[in-house]
Every structure is written in C-alpha cells, then in structure tokens.
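In case you want the letters, here they are:
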Amino acid sequence: MKHFRSIGLALAATFAVSQAGAQELTGTLKNIKDTGAITLGFRDSSIPFSYLDDNQKPVGFAMDICYKIVDAVKKELKLDKLEVKLNPVTSATRIPLMANGTIDLECGSTTNNAERQKQVAFTNTHFLTASRYVFKKSSGLKSIDDLKGKTVVSTAGTTNIKQLTEANVAKSLGANIIPAKDHAEAFLMVETDRAVAFVMDDILLASLVAGSKSPDDYAVSKDAFSKPEPYGIMLRKDDAAFKKVVDAATAALYTSGEAQKIYDKWFTAKIPPKGLNLNTPISAELKNEFAKPSDSPNPDDYK
Amino acid sequence: MNYNWNWGIFFQPNPMGTGTYLDMLLSGLVLTLKTAALAWVIALITGSLVGVMRTLPSKGANWFGFAYVEFFRNMPLLVQLFLWFFVLPELLPKGAGTWLKQLPNAPFWTAAIGVGFFMSARVAVQLQAGIGSLPRGQKMAATALGLTTAQGYRYVLLPMAFRIILPPLTSEFLNTIKNTAVAITIGLLELTGQARSMQEFSFQVFEAFTAATLLYLLVNAVVVTAMRFLERWVAIPGYITGK
Numbered sequence: 001m002k003h004f005r006s007i008g009l010a011l012a013a014t015f016a017v018s019q020a021g022a023q024e025l026t027g028t029l030k031n032i033k034d035t036g037a038i039t040l041g042f043r044d045s046s047i048p049f050s051y052l053d054d055n056q057k058p059v060g061f062a063m064d065i066c067y068k069i070v071d072a073v074k075k076e077l078k079l080d081k082l083e084v085k086l087n088p089v090t091s092a093t094r095i096p097l098m099a100n101g102t103i104d105l106e107c108g109s110t111t112n113n114a115e116r117q118k119q120v121a122f123t124n125t126h127f128l129t130a131s132r133y134v135f136k137k138s139s140g141l142k143s144i145d146d147l148k149g150k151t152v153v154s155t156a157g158t159t160n161i162k163q164l165t166e167a168n169v170a171k172s173l174g175a176n177i178i179p180a181k182d183h184a185e186a187f188l189m190v191e192t193d194r195a196v197a198f199v200m201d202d203i204l205l206a207s208l209v210a211g212s213k214s215p216d217d218y219a220v221s222k223d224a225f226s227k228p229e230p231y232g233i234m235l236r237k238d239d240a241a242f243k244k245v246v247d248a249a250t251a252a253l254y255t256s257g258e259a260q261k262i263y264d265k266w267f268t269a270k271i272p273p274k275g276l277n278l279n280t281p282i283s284a285e286l287k288n289e290f291a292k293p294s295d296s297p298n299p300d301d302y303k
Numbered sequence: 304m305n306y307n308w309n310w311g312i313f314f315q316p317n318p319m320g321t322g323t324y325l326d327m328l329l330s331g332l333v334l335t336l337k338t339a340a341l342a343w344v345i346a347l348i349t350g351s352l353v354g355v356m357r358t359l360p361s362k363g364a365n366w367f368g369f370a371y372v373e374f375f376r377n378m379p380l381l382v383q384l385f386l387w388f389f390v391l392p393e394l395l396p397k398g399a400g401t402w403l404k405q406l407p408n409a410p411f412w413t414a415a416i417g418v419g420f421f422m423s424a425r426v427a428v429q430l431q432a433g434i435g436s437l438p439r440g441q442k443m444a445a446t447a448l449g450l451t452t453a454q455g456y457r458y459v460l461l462p463m464a465f466r467i468i469l470p471p472l473t474s475e476f477l478n479t480i481k482n483t484a485v486a487i488t489i490g491l492l493e494l495t496g497q498a499r500s501m502q503e504f505s506f507q508v509f510e511a512f513t514a515a516t517l518l519y520l521l522v523n524a525v526v527v528t529a530m531r532f533l534e535r536w537v538a539i540p541g542y543i544t545g546k
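Heads up: the sequence lines are chains A and B, in that order.
Per my numbering, residue 1 is the first one in the first sequence, and the count goes up by one each step.
Per my numbering, residue 304 is the first one in the second sequence, and the count goes up by one each step.
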C-alpha cells in the first residue's frame, strides 16, 4: 500500500513539475534563489586550479569554470544579480562544508572516483591527470623499476599512495614508502634527499617543480602508475535539478572551445602571483573529454 | 544536513589492501600507543633528571635545568618536530645528516624522541614543584641522618615528591598520548593520521573522526583507571596523598 502511495506521489510530483515548469524549485537552486547568493569553496594552494593570488583573491582554472557555472545558474533562475560568496576549504573540510550547505560548489582539484560518489556528486571532468613521480635529475631514475629498494614518498590519503603501494607489491619493488602530510612536505622530502621520488598527480608535480628554488634540478617521470584520472567540480549528491544546470553549463563551456582558451591561460602561459609557467599543453585525452563532456569516475572512459 | 552516513564503512576493505578501514584505524592506534609509550619513558627519565637539577644547591645545575625547561616548553611541539625532522639533519655534517635521514622508521623515532623531550620539560617542572612542596625539614633531616645529597634524594625527597605529583603526572601522560597526534606532520600514520587517510579515501569524514575520538577516549579511560590503582597502591597512610 505504502509503495502505491509513494508511486502515486511521485507521479503527481512529475506532473506538477512539468506543469509548473521552472517555478517549482528544490534543493540548491531554491536556496540560491531565496538567498540571492551562491557559495564557492576554493583551495588556497592548489596551483593552478584554485589558489590565492597576491591580493589573497582565489583564482585558477577551476575558479574560472565555477564562475561560468555561476553565470549559467543566474540565467537559469532569471536573477538580476547573484552574489558570489567565497569560502576556503581544505581536503579535510570540503565534505562537511558541502554536506551542511556552507558551500554549493567546490572548485579545486578533487579526484572524481566511485568511492567518493557515494558521498557527493561531480560535474563534467575538467582535468585528467596520471600518477607519476618527480625526482632529482642527478639521481638518474629512468623508470618505475629504478625505484627498487629506494625510499619513496607520497601524500597520505591520496589515490596516488594507494597506486604506489599496489605497484610496490605487483612489481616487487621493495621500496620503502613513507606518507607525507601534504604535497609541499612530500616535495620537501625529495628536496632534502629524505626520499628519492615523490609520487603524485603529474600536474601537481609540474607546479611544485615550477615553484621550487631550482626547477631545472627536477624532472617528472615518463612512467605512470595509473591511467589519467578525472578531476571534477564537486556538488551535493541527490540534487538532480542543480546538477542538470551545472552539467549543461560545463558541457556548453567545454564544447564551445572557450575551455581551451581558459586552459591555455592557466597551463601554458605565465600565471600569478610569481609568473610561473607550467608548460603543460592539453593532453589528447582531455581534448577528447572537452569534445564529449563526461562525469564518469572511471579512467577507462577517457581514452 | 545532506550527509550520507555509512557506519558500515569500517568493515569495508580499505584501498591500501591492508584489510578493512577498521584495521587501518587500529594499526594507527597501535602506532599511537608505541609512540606514546616510548615518549613517556623518555619524558619521565629526562624530566626527573632535569627536575632534580633545578632543586640542587649547585648554581650550574640550576641554570642548566632552567634553560632546558624554557627551551622545550616555550616552542610549539609542531615547530619542534619540524625542526628535528627537517632542519637538524641539514645542520649536521653531510654524512651524519644523510645517515639520519635514511634511518628506517625515522618519523617514529623523531616523533617519540621529540614528544618525549617536549613532555620532559613539563615533568621536570612538576617534579620541581613536588620537591619544593616538601617541608624544608625533610632535606635537613636527611642530611642529619648522614645521607649524602644523592642518598637524600633517593631515599627521602623523591619518593615523597613523586607520590605528591602522581595525579598531575597522570594528566601529563594523557597529554603525551594526545600529543603524538602532532606526528602526522612528519608522516607518522598514527591514529589521527589514519583517520585522515580514511576520510580522504572514502570521504566518510564524520565516521572516521568519531571512531578516532572513541579510541582516544577508550585509551584515556584505561590510563586514568590504571593510574588510580597506582596512586592507591603507593599511598602512605597519614600523608597528604594517603587517606
């Protein structure tokens, strides 16, 4: 009986929505309309995705995409003005702040994977990155096999340390794996010779190298520990109406070619605050993804 | 709040392939206890020595004790661990520095020794206060009995002083356990570190930290109970610490 009633209610709701159209707002969209504000979560040092410039203002590739989403939301809700609030997040706070409604979108470098999709939703992928390692050129490490018996560092709690652990077993490297608190510290371990290599998303390694004291001393490996994994802008789970707007906005941005311009601005040109150039042209996989936007957490879908 | 609670997460396999998420947290707990135990041994021994030095008649010993306590007490533990782990090896001769850096389990030893020294300054102050709280006559009586200064401390002053400071020492021990959490900054995956890893892998933040909180509470409850027994066991009837 109860089932019939809920089916009936669902049907009634469907009709109500189709008849009343966009007037019946729910979830995040309703909240944004009611408050006239949308809140973006940003990271303070996720270069070049989301970080603070010299005016302490969050900028970056993911921030630019988020502002495009904000424009689309504004248009969808037919608002004259939409206030954008900015809220800093860390990897430890992004989930609680998303769950309790403090932030509506997280604009950073968060890997979209199946396990995390149990807790949050992601819009179309904005970057693909594989696990590689950075090393001092003087140490002459050519391939993953050269890491045999060496001390290797990665950041605790990342998918990268998991892949490193798996490779260590699979290839019987016998490497001594040490976890670091964050990327900066892990890189410091390579800088001070505590570890010979740091395994991380290649793009983050490129930005750490570009920002180091002597960028010429370091190189990022050709060998990868994983297929390129997707980064996505994070939003609340089970909010289909809002996700639809966000997905449409990112899809339009990516397929129009405008995304390529934004990409070039952050990855192949000088970026604030220090004028670093990451020199990372767009990969074939990402180009493909931009042509056919996808929010899949599965790396195999991005070939 | 739009949060997907999942208490079953603890029994799901962790992505490191080392069993379940619960196993991950428990391995962190073991590391926390090991670190805390070693740190506490260091803190008690060094702290006692320095505490005694601060009450000795010798000016030099006093001065050393004072400098030691102020050095270790006034610098945040986080900064100290960073200094020991990252800065110290760079200041040593190259060979020694490299040896130190390539030591197996370097984060564990650094954390245990670093937390131990930090806590030893606090133990020293407690012990100094304990000795200072004894009636002046006790020291004189010991001398009158023909005991040397060392014997006076060994047989008269220290047994009383330690009984008096046992309750505050309990709280220092609890602090030692909690302070090991700082060791995640040098890559030691103790309980807090594993809880953080768990939340990064699964995004189940609240479950991870709830479990860590409960485990810390459990350990603290065990320590408090054990110390109550110890206090009762060493109590001398008729003294301020006895009934």
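I should point out that these hints are in silico values taken from the structure, not numbers from a laboratory.
Among these hints, one or two may not hold up.
[Said to hold, decoys possible] From the structure, some residues in chain B lie toward chain A, with a derived Cβ separation under 10 Å:
no., residue
1, N317
2, P318
3, G320
4, A340
5, W412
6, T488
7, I489
8, G496
9, Q497
10, Q502
11, N523
12, V526
13, T528
14, F532
[Stated by the list, open to error] Below are the DMTMM-like pairs computed for lysine to aspartate or glutamate, each with C-alpha atoms no more than 20 Å apart in a straight line:
no., chain 1, residue 1, chain 2, residue 2
15, A, K181, A, D44
16, B, K404, A, D216
17, A, K265, A, E285
18, A, K150, A, E83
19, A, K57, A, E76
20, A, K270, A, E24
21, B, K404, A, D193
22, A, K261, A, D223
23, A, K136, B, D326
24, B, K404, A, D80
25, A, K136, A, D238
26, A, K81, A, D34
27, B, K404, A, E185
28, A, K162, A, D202
29, A, K85, A, E24
30, A, K150, A, D223
31, A, K292, A, D238
32, A, K162, B, D326
33, A, K75, A, E24
34, B, K397, A, E191
35, A, K244, A, D44
36, A, K150, A, E115
37, A, K261, A, D182
38, B, K397, A, D300
39, A, K181, A, D193
40, A, K213, B, E393
For every residue, glycine included, the Cβ atom is placed at its ideal position computed from N, Cα and C.
These are the hints, each one checked on the structure:
no.: 1; hint: N317; result: holds, 9 Å
no.: 2; hint: P318; result: holds, 5 Å
no.: 3; hint: G320; result: holds, 7 Å
no.: 4; hint: A340; result: violated, 22 Å
no.: 5; hint: W412; result: violated, 13 Å
no.: 6; hint: T488; result: holds, 5 Å
no.: 7; hint: I489; result: holds, 8 Å
no.: 8; hint: G496; result: holds, 6 Å
no.: 9; hint: Q497; result: holds, 9 Å
no.: 10; hint: Q502; result: holds, 7 Å
no.: 11; hint: N523; result: violated, 23 Å
no.: 12; hint: V526; result: violated, 27 Å
no.: 13; hint: T528; result: violated, 32 Å
no.: 14; hint: F532; result: violated, 37 Å
no.: 15; hint: K181/A with D44/A; result: holds, 16 Å
no.: 16; hint: K404/B with D216/A; result: violated, 24 Å
no.: 17; hint: K265/A with E285/A; result: holds, 19 Å
no.: 18; hint: K150/A with E83/A; result: violated, 52 Å
no.: 19; hint: K57/A with E76/A; result: violated, 27 Å
no.: 20; hint: K270/A with E24/A; result: violated, 45 Å
no.: 21; hint: K404/B with D193/A; result: holds, 8 Å
no.: 22; hint: K261/A with D223/A; result: violated, 29 Å
no.: 23; hint: K136/A with D326/B; result: violated, 36 Å
no.: 24; hint: K404/B with D80/A; result: violated, 60 Å
no.: 25; hint: K136/A with D238/A; result: violated, 46 Å
no.: 26; hint: K81/A with D34/A; result: holds, 12 Å
no.: 27; hint: K404/B with E185/A; result: holds, 14 Å
no.: 28; hint: K162/A with D202/A; result: holds, 15 Å
no.: 29; hint: K85/A with E24/A; result: violated, 24 Å
no.: 30; hint: K150/A with D223/A; result: holds, 16 Å
no.: 31; hint: K292/A with D238/A; result: violated, 24 Å
no.: 32; hint: K162/A with D326/B; result: holds, 16 Å
no.: 33; hint: K75/A with E24/A; result: holds, 16 Å
no.: 34; hint: K397/B with E191/A; result: holds, 14 Å
no.: 35; hint: K244/A with D44/A; result: violated, 28 Å
no.: 36; hint: K150/A with E115/A; result: violated, 31 Å
no.: 37; hint: K261/A with D182/A; result: violated, 30 Å
no.: 38; hint: K397/B with D300/A; result: violated, 47 Å
no.: 39; hint: K181/A with D193/A; result: holds, 17 Å
no.: 40; hint: K213/A with E393/B; result: holds, 16 Å
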